[in-house]
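Protein chains in written order, with my numbering: chain H, 1 to 406; chain C, 1 to 476; chain F, 1 to 302.
Derived from the structure by calculation, the hints contain no laboratory data.
Be a bit skeptical, because a hint or two may be false.
No farther apart than 25 Å at their CA atoms in a straight line, the calculated lysine to aspartate or glutamate pairs in the DMTMM-like style are these [claimed, not checked]:
1. C/420 - F/15
2. F/185 - C/425
3. H/77 - H/176
4. H/271 - C/385
5. C/409 - H/83
6. F/200 - C/104
7. F/19 - F/32
Per label pair, the in silico range of CB-to-CB distance [as the list claims (entries may be wrong)]:
8. C/413 - F/296: 57 to 67 Å
9. C/66 - F/197: 55 to 65 Å
10. C/115 - F/193: 31 to 41 Å
11. F/193 - C/74: 34 to 44 Å
12. C/73 - F/110: 26 to 36 Å
13. H/380 - F/193: 22 to 32 Å
14. F/277 - H/379: 53 to 63 Å
15. H/175 - C/57: 54 to 64 Å
16. F/83 - C/20: 44 to 54 Å
Here the structure is a predicted model, which means the values were calculated and not measured.
From the three backbone atoms N, C-alpha and C, an ideal C-beta is built for every residue, glycine too.
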Amino acid sequence: MSAGTQVHANLTEEQVREISGDLEEPEWLLETRLEALAALEELDMPDVIRTPGRDWTNLHDLDFESLVDPLNAAENKDQVGPEEAEVLSWSDAVQEHEELLKEHFGSIVDPQENYLTALSTALFSTGTVIYVPEGVDAEDVAIRTEQNSRSLFNYTLVVTEESSSVTILERQSTGEEAEEQYYSGVVEIAAGENSYVQYGSLQNLSEEAYNFTVKRGVADTYATIDWIEGNLGTQLTKTEVSTTLSGDSSETQIVGAFYGHNDQHFDLDAKVWHRAEHTTADLVTRGVTDDVARSVYEGVQDVGSDAWDTSSYQRENTLMLSDESEADASPKLIINNHDTEASHSATVGQIDAEDLFYMTSRGVDPRSARNMLVEGFFVPVLEEIDVDELRDDLEGLIGARLRQRD
Amino acid sequence: MSSDQDHLKETDTEARFEFKKEENAAVRSGKGLTEEVIRMISEDKDEPDWMLERRLRALEQYHNMPMPSDWPGMPDLSELDVEEIIPYIRPDVDKREGVDDWTELPDEIKDTFDKLGIPEAEKNALSGVGAQYESEVVYQNMQEQWEEKGVIFCNMDEAVREHPELVKEHFMTTCVPPSDNKFAALHGAVWSGGSFVYVPEDVTVEMPVQAYFRMNSEGMGQFEHTLIIAEEGSEVHYIEGCSAPKYGTHNLHSGGVEVFVGEDAHVQYSTVQNWSKNTFNLNTKRAICEENGTMEWVSGSMGSKVTMLYPCTILKGRGSTDTHITIALAGEGQDIDTGAKVYHNAPETSSTIESKSISKDGGRTNYRGLVHIADGAENASTAVECDALMFDNESTSDTMPYMEIEESKVDVAHEATVGKIGDEDIFYLQSRGLDDDDAKKMIVAGFIEPITEELPIEYAVELNRLIELEMEGSLG
Amino acid sequence: MARLELRNLHAEVAEGDEKILEGVDLEVQSGEIHALMGPNGSGKSTTAKVIAGHPAYEVTEGEVLLHLEDEEFGEDIEIDEDQRTWNLLDLEPNERAALGIFLGFQYPAEIEGVTMTNFLRTALNAKIEEREELFEDEEGEEAEEEDEGFENSPMEGPADDGEVGVAEFQGILQEKMEQLEMDEKFAQRYLNAGFSGGEKKQNEVLQAAILEPSIAVLDEIDSGLDIDRLQDVSNGINALRDEQGTGILQITHYQRILDYVEPDHVHVMLDGQIAKSGGPELAEKLEDKGYDWVRDEVYGTA
Numbered sequence: 001m002s003a004g005t006q007v008h009a010n011l012t013e014e015q016v017r018e019i020s021g022d023l024e025e026p027e028w029l030l031e032t033r034l035e036a037l038a039a040l041e042e043l044d045m046p047d048v049i050r051t052p053g054r055d056w057t058n059l060h061d062l063d064f065e066s067l068v069d070p071l072n073a074a075e076n077k078d079q080v081g082p083e084e085a086e087v088l089s090w091s092d093a094v095q096e097h098e099e100l101l102k103e104h105f106g107s108i109v110d111p112q113e114n115y116l117t118a119l120s121t122a123l124f125s126t127g128t129v130i131y132v133p134e135g136v137d138a139e140d141v142a143i144r145t146e147q148n149s150r151s152l153f154n155y156t157l158v159v160t161e162e163s164s165s166v167t168i169l170e171r172q173s174t175g176e177e178a179e180e181q182y183y184s185g186v187v188e189i190a191a192g193e194n195s196y197v198q199y200g201s202l203q204n205l206s207e208e209a210y211n212f213t214v215k216r217g218v219a220d221t222y223a224t225i226d227w228i229e230g231n232l233g234t235q236l237t238k239t240e241v242s243t244t245l246s247g248d249s250s251e252t253q254i255v256g257a258f259y260g261h262n263d264q265h266f267d268l269d270a271k272v273w274h275r276a277e278h279t280t281a282d283l284v285t286r287g288v289t290d291d292v293a294r295s296v297y298e299g300v301q302d303v304g305s306d307a308w309d310t311s312s313y314q315r316e317n318t319l320m321l322s323d324e325s326e327a328d329a330s331p332k333l334i335i336n337n338h339d340t341e342a343s344h345s346a347t348v349g350q351i352d353a354e355d356l357f358y359m360t361s362r363g364v365d366p367r368s369a370r371n372m373l374v375e376g377f378f379v380p381v382l383e384e385i386d387v388d389e390l391r392d393d394l395e396g397l398i399g400a401r402l403r404q405r406d
Numbered sequence: 001m002s003s004d005q006d007h008l009k010e011t012d013t014e015a016r017f018e019f020k021k022e023e024n025a026a027v028r029s030g031k032g033l034t035e036e037v038i039r040m041i042s043e044d045k046d047e048p049d050w051m052l053e054r055r056l057r058a059l060e061q062y063h064n065m066p067m068p069s070d071w072p073g074m075p076d077l078s079e080l081d082v083e084e085i086i087p088y089i090r091p092d093v094d095k096r097e098g099v100d101d102w103t104e105l106p107d108e109i110k111d112t113f114d115k116l117g118i119p120e121a122e123k124n125a126l127s128g129v130g131a132q133y134e135s136e137v138v139y140q141n142m143q144e145q146w147e148e149k150g151v152i153f154c155n156m157d158e159a160v161r162e163h164p165e166l167v168k169e170h171f172m173t174t175c176v177p178p179s180d181n182k183f184a185a186l187h188g189a190v191w192s193g194g195s196f197v198y199v200p201e202d203v204t205v206e207m208p209v210q211a212y213f214r215m216n217s218e219g220m221g222q223f224e225h226t227l228i229i230a231e232e233g234s235e236v237h238y239i240e241g242c243s244a245p246k247y248g249t250h251n252l253h254s255g256g257v258e259v260f261v262g263e264d265a266h267v268q269y270s271t272v273q274n275w276s277k278n279t280f281n282l283n284t285k286r287a288i289c290e291e292n293g294t295m296e297w298v299s300g301s302m303g304s305k306v307t308m309l310y311p312c313t314i315l316k317g318r319g320s321t322d323t324h325i326t327i328a329l330a331g332e333g334q335d336i337d338t339g340a341k342v343y344h345n346a347p348e349t350s351s352t353i354e355s356k357s358i359s360k361d362g363g364r365t366n367y368r369g370l371v372h373i374a375d376g377a378e379n380a381s382t383a384v385e386c387d388a389l390m391f392d393n394e395s396t397s398d399t400m401p402y403m404e405i406e407e408s409k410v411d412v413a414h415e416a417t418v419g420k421i422g423d424e425d426i427f428y429l430q431s432r433g434l435d436d437d438d439a440k441k442m443i444v445a446g447f448i449e450p451i452t453e454e455l456p457i458e459y460a461v462e463l464n465r466l467i468e469l470e471m472e473g474s475l476g
Numbered sequence: 001m002a003r004l005e006l007r008n009l010h011a012e013v014a015e016g017d018e019k020i021l022e023g024v025d026l027e028v029q030s031g032e033i034h035a036l037m038g039p040n041g042s043g044k045s046t047t048a049k050v051i052a053g054h055p056a057y058e059v060t061e062g063e064v065l066l067h068l069e070d071e072e073f074g075e076d077i078e079i080d081e082d083q084r085t086w087n088l089l090d091l092e093p094n095e096r097a098a099l100g101i102f103l104g105f106q107y108p109a110e111i112e113g114v115t116m117t118n119f120l121r122t123a124l125n126a127k128i129e130e131r132e133e134l135f136e137d138e139e140g141e142e143a144e145e146e147d148e149g150f151e152n153s154p155m156e157g158p159a160d161d162g163e164v165g166v167a168e169f170q171g172i173l174q175e176k177m178e179q180l181e182m183d184e185k186f187a188q189r190y191l192n193a194g195f196s197g198g199e200k201k202q203n204e205v206l207q208a209a210i211l212e213p214s215i216a217v218l219d220e221i222d223s224g225l226d227i228d229r230l231q232d233v234s235n236g237i238n239a240l241r242d243e244q245g246t247g248i249l250q251i252t253h254y255q256r257i258l259d260y261v262e263p264d265h266v267h268v269m270l271d272g273q274i275a276k277s278g279g280p281e282l283a284e285k286l287e288d289k290g291y292d293w294v295r296d297e298v299y300g301t302a
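Build the full structure now, drawing on both the sequences and the hints.
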């Protein structure tokens, strides 16, 4: 079934031409956008999990016609980084690095993969390009976006040359709140040979907002891509973080933390595609559901038939703080090469009553004890974060949300 | 050791399953699924009207439902043309309910079951035996002591006539309605044969009852229906075995199993499935468990071209328990997509799912499972463990579990591993004198040991023989 | 009598070209106890694995020979003149085992689901069958081809195939376990699964006692044992030699076990070669002074 009927009625080629023109984009980029726009009619919503009688996430009820307001995008954006690396706004990148964009734009996330990627490609008006030259170590690149409009379409490209490294934080929050807002982001990372990328994300949009993001990286030989995926905001988030390990001995880690409360709905995918020899993946997600929130997690470890000597691990743990919340999980293994060591595990439960009793018996009041245990639950995830701002703020936001509860 | 094992040993296992008999049918339906075919089946069985109505309703539902298509990693069913399947063949035997003496059977049918070792097993290890050939049960017998205690073990067609109130209430109503899925609807329209088991309150049937299903004719479909009702405090172990000779065209097996586990009752349902590699094996098996009842599913899937089987337990009563033990082995050209479904709909319910799969020579295994814990099912617990062993790089091993947890006071754990058969382990065994083949066989036997130890010894033997046979091709 | 002879043995890791053995010469006879000592990485464990036929190593030069005398395997098996010497490098690990080579592993594999009883009886029968095949007259070779496999639950093993039946085997196992002061429950446990380090080592010696090898290579059988278990294991090794005339090649780091299992010969391995050989006194000197003096002596005079 096509989702296209929902929005494209009030979207026009002229709007797309205007966005592209304002950014002074070359013809080929405009073409890519127009093709994506045209494809909307044919494309489906991203896949969601279905079990007998249940859809884990329902994207079809989203009213894109009222959510999408392409020509009135407004934001506050910081794009900062050390001198060694180039951290460019999209319009600067278009002027200075057209060849780089030509090579990488749309090469990792197919603009026409589904309805929402095509929508994002046709309409994005802001973005960041991070280019790290050979041998350069760049720390603390930060992109901070504050959304001030009904809809905002964002694009991020990270390219690391051989033996370089970079740590990145990209965060979103809401400035001017509206009743319903839509944030859409596409992130592509091309990690060159023997390079290292840590890309951390902290999504803290308003709880009225809807969010769709795809973050995908391709790791070359000996390259490492580590993702940190923090989700706290929005009423509905559909996000995918994935790595294709296409170079021998490449590695990836996908670390996720989420905390859903009220009626938030998080649909989080973590996926790794082992496509070369001696590759390693480690997927770790920890999350909390409270009130009537629902979390939906899909993890995929896909080992191709040429992926000899693969190691692949996945763990997902969810703590349920309320009886009305729901936690769904589907960790999948797709193994086509027998020279593989792969495992996954998933648990769902409450705070351990024994642990709670132990702490209260030492005189800690039950509320503090619970908060300490929940904060402790996130520690293994927080420890993986290289960028201080991300670690501190994620920890702070989790703490604040906990203390907000009675 | 019991004499049926001697018997098993005497006959070459391969020969026991691969032989085929000349078809000798009394009645044979046309191909495909039309109202005429359904009416003809019902008439030939001399069924009451209500059953014919149920069949026709199911047929309508079948035609209105799409083939399942949006499952990730779904086996390829494109070679299955249901319209080409012959749904009903009644073999030429004198007595319609099946005889209770093997010698009364026509020679070629008796010979079939002799080769499969069924009469021998009956003498030694079983409380009762049913044997189905094509679409009809041809042999049915149970020890007298159980009959005296009110246990019913008869073929399903007979139950429709003799026990209409029980069948009316339980047959494809609350447990597996035809609307459940396309193949359940198909089954509801063309079902034939199968077993009806009724165990009265507080009766423990000490030795298992067994049904054996044999498809002999080319291009046929077998659609037996099994209905088990275990009343409060009762206990029964039902075993089914299946086999068919190999043909060039495809056979279809689409059985339906419904189990009602009463309060404090205990039912074990064991299957050793060895359909030939041209069979599509698409079943719906489901149990409903009342308070403190226990359901155990034990499934060994070695045969078939495609298997899609996810025995389901609905834990309806407080304190009820489910156990799933599943073993799958897929070789060349096979896609064994199997697993478990459990619905925790009441407090203090628990489930344990253990799955072991082996893939080799380009075969594919998939564990597909669903655990649903409903809101209010406090103190429910579930533990799922899936282990897969891969022999070679042509094969595929997938694991696709789904967990839906609506209740917070729960204990949910899922673990899965996939690995290859270990070189160091093989060397260790070789250094003690086992050759390469025997070392691998021993490791596989050990890998599935947690499953075989749950089976009565005779079936553990059978399972091991079958697995060995399946492995022969890839070894050496 | 049997004699294991390593001649100028060179080996490397099969996947790679790292040389590990660079010309090992060594002989072990039935009834003798040899201790092979040396620092980490000197090639001791590799020597053991190459003797047993581990697929991870590739022999690039040299020979591993096993010399047998007539009636090595009892009266029933006639060993012709031309079958007295075997080049082990041509044989599979299980064929080497059938000829009486036993490797006690430093890290025995853990195999779930296979009981000790099933495994050892299968191994014992496989050895007997393989021997028949290896020493069979040319004419009678056709008959024994069909493989019976396991007809019984893997808990118990095949009930009635093989030379040694279940009942007979239970007797043998019980006797050997008593000798080694092993708990009866081991018989029904899965092979090494969940065994402590000491239990695994004890189990290796038990397996040797049951399979009655001509030459046993024991790789660090003494590591990780407490003193009681060290004595049990040592008694087991001495019994192998005294009662079955097994020749022992004992690989060890420590002098300690040599107090209980007194070696006839001690060899020091350095850099993939036997650098020095001597009597028991050599082991004591190593215990006091370490390996550096051997290195000085060897490379000093070279």
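Verification of the hints:
Only pairs whose Cα atoms come within 25 Å are accepted, and residue 420 of chain C paired with residue 15 of chain F is accepted, the gap being roughly 19 Å. This hinted pair checks out: residue 185 of chain F and residue 425 of chain C have alpha carbons roughly 23 Å apart, not beyond 25 Å. Straight-line distance between C-alpha atoms of residue 77 of chain H and residue 176 of chain H comes to about 14 Å, which keeps the hinted pair within the 25 Å bound. In summary, the hint linking residue 271 of chain H to residue 385 of chain C is supported, as the alpha carbons are separated by about 21 Å, within the 25 Å threshold.
Between residue 409 of chain C and residue 83 of chain H the alpha-carbon distance is near 52 Å, which puts this suggested pair outside the 25 Å criterion. Taking the CA atoms of residue 200 of chain F and residue 104 of chain C, the gap is near 58 Å; set against the 25 Å cutoff, the hint is violated. The suggested pairing of residue 19 of chain F with residue 32 of chain F is violated, with an alpha-carbon distance near 29 Å, which exceeds 25 Å. Range check, residue 413 of chain C to residue 296 of chain F: Cβ separation about 59 Å, and the 57 to 67 Å hint holds.
For residue 66 of chain C and residue 197 of chain F, the hinted distance range of 55 to 65 Å is satisfied, since their beta carbons lie about 59 Å from each other. Range check, residue 115 of chain C to residue 193 of chain F: Cβ separation about 38 Å, and the 31 to 41 Å hint holds. Separation of residue 193 of chain F from residue 74 of chain C is about 37 Å and conforms to the stated range, judged on CB atoms against 34 to 44 Å. With their beta carbons about 32 Å apart, residue 73 of chain C and residue 110 of chain F fall inside the hinted range of 26 to 36 Å.
At about 30 Å, the CB distance of residue 380 of chain H to residue 193 of chain F agrees with the hint of 22 to 32 Å. Hint check: residue 277 of chain F to residue 379 of chain H, Cβ distance near 57 Å, so the stated range 53 to 63 Å holds. A beta carbon spacing of about 59 Å between residue 175 of chain H and residue 57 of chain C agrees with the range 54 to 64 Å that was offered as a hint. One distance hint, 44 to 54 Å for the beta-carbon pair residue 83 of chain F and residue 20 of chain C, holds here, with the actual separation near 48 Å.
In the structure shown, a violation is registered for the earlier hints numbered 5, 6 and 7, in ascending order.
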